[in-house]
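Quick note, the sequences are listed as chains A and B, same order.
Position one of the first sequence corresponds to residue 1 (my numbering), numbered consecutively onward.
Position one of the second sequence corresponds to residue 1 (my numbering), numbered consecutively onward.
Because the hints were derived from the structure by calculation, they are not lab data.
Please note: incorrect hints may appear among the correct ones.
Put simply, identical chains are the same to the list, so a pair is met inside one copy or across any two.
As the list claims (entries may be wrong) - Capping the alpha-carbon separation at 20 Å, the derived lysine to aspartate or glutamate pairs in EDC-like fashion look like this:
no., residue 1, residue 2
1, K50, D6
2, K47, D6
3, K47, E78
4, K88, D6
5, K88, E28
6, K88, E72
7, K88, E78
8, K88, E63
9, K50, E72
10, K47, E84
11, K50, E33
12, K88, E33
13, K50, E84
14, K47, E72
2 protein chains.
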Amino acid sequence: MKGHLDATFAALADPTRRAILTRLASGEASVAELARPFAMSQPAISKHLKVLERAGLIRRGREAQRRPRRLEPRPLAEATGWLENYRKYWEGTYQRLDALLEELKTTDRKKERR
Amino acid sequence: MKGHLDATFAALADPTRRAILTRLASGEASVAELARPFAMSQPAISKHLKVLERAGLIRRGREAQRRPRRLEPRPLAEATGWLENYRKYWEGTYQRLDALLEELKTTDRKKERR
Chain A
1 MKGHLDATFA
11 ALADPTRRAI
21 LTRLASGEAS
31 VAELARPFAM
41 SQPAISKHLK
51 VLERAGLIRR
61 GREAQRRPRR
71 LEPRPLAEAT
81 GWLENYRKYW
91 EGTYQRLDAL
101 LEELKTTDRK
111 KERR
Chain B
1 MKGHLDATFA
11 ALADPTRRAI
21 LTRLASGEAS
31 VAELARPFAM
41 SQPAISKHLK
51 VLERAGLIRR
61 GREAQRRPRR
71 LEPRPLAEAT
81 GWLENYRKYW
91 EGTYQRLDAL
101 LEELKTTDRK
111 KERR
């Protein structure tokens, strides 16, 4: 489990990899489809996909031609589980953070609406 | 905010640093106090503390002699906020699995009745 968390958090420490996961949360996609929105070559995207795959965050689908990638939710659930332990800490000690999180959520929702 | 998440997740990708945060969640501690439970030299611990400090996950207290470190909950809250977006996804996945299992059970029961 510790090794899992190491690989998960390391994989999440990159904005492109986080963006790939965000894309895959809305449905599986081929490497070409994943590369399109980024100003990046397919080999550069493939490197990021390898990191995500080794961390168990994504999996290859069976469809032979496209080999679509799909999100594997378990490591994300485990990482959230680890961070959840600190929710009590910041909720107990810093109630103002609750307000901050609410604020962030509201800002996100406003952005979505635009 | 993206840069924050990079540094936060990179800092969390190490079991010693996660253990230090766990320790600090129960109260501030000096470097010597933090080094004690680990089979590590104080300089080795100091290196980890520097990573955590640069990521904004911990802060030095004002007490001149001990310079106790304390947890800064904001980056942890932000990282949790990012992962929270995927909660819907995996809860959805598991719910779909639940529904599928229910469906299979119902089908089995119908078969039994025949």
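| Homo-oligomer pair classification [E78, K88; C-alpha up to 20 Å] | Result: close both inside a copy and across copies, 17 Å intra and 14 Å inter.
| said: Please sort K47 with E78 into within, between, both or neither, judging by C-alpha distance up to 20 Å. | reply: neither (24 Å within a copy, 26 Å between copies)
| Between K88 and E72, at a C-alpha cutoff of 20 Å, which is it: within one copy, between copies, both, or neither? | Between copies only: 13 Å across, 27 Å inside.
| task | Can you give me the call for K50 and D6, within, between, both or neither, at a CA distance of at most 20 Å? | result | Both. Shortest intra-copy (16 Å) and inter-copy (18 Å) distances satisfy the 20 Å Cα cut-off.
| Up to 20 Å CA-CA - E28 versus K88, copy category | between (34 Å within a copy, 16 Å between copies)
| said: Please sort K47 with D6 into within, between, both or neither, judging by C-alpha distance up to 20 Å. | reply: Classified as both; 18 Å inside a copy, 18 Å across copies.
| said: Within, between, both or neither: how does the pair K50, E84 come out at a Cα-Cα threshold of 20 Å? | reply: neither (28 Å within a copy, 24 Å between copies)
| request: At 20 Å max between alpha carbons, let me know whether K88 reaches E33 within a copy, between copies, both or neither. | output: For K88 and E33, the Cα distance exceeds 20 Å both inside one copy (40 Å) and across copies (23 Å).
| query | Quick one: K50 to E33, C-alpha cut-off 20 Å, is that within a copy, between copies, both, or neither? | reply | within (16 Å within a copy, 39 Å between copies)
| message | If the cut is 20 Å between Cα atoms, do K88 and E63 qualify within a copy, between copies, both or neither? | response | neither (43 Å within a copy, 26 Å between copies)
| field | 20 Å Cα threshold - placement of E72 relative to K47 | value | within (18 Å within a copy, 33 Å between copies)
| field | Status of E84 relative to K47 across identical chains (alpha carbons, at most 20 Å) | value | Classified as neither; 30 Å inside a copy, 26 Å across copies.
Consistency note: the structure conflicts with the earlier hints numbered 3, 4, 8, 10, 12, 13.
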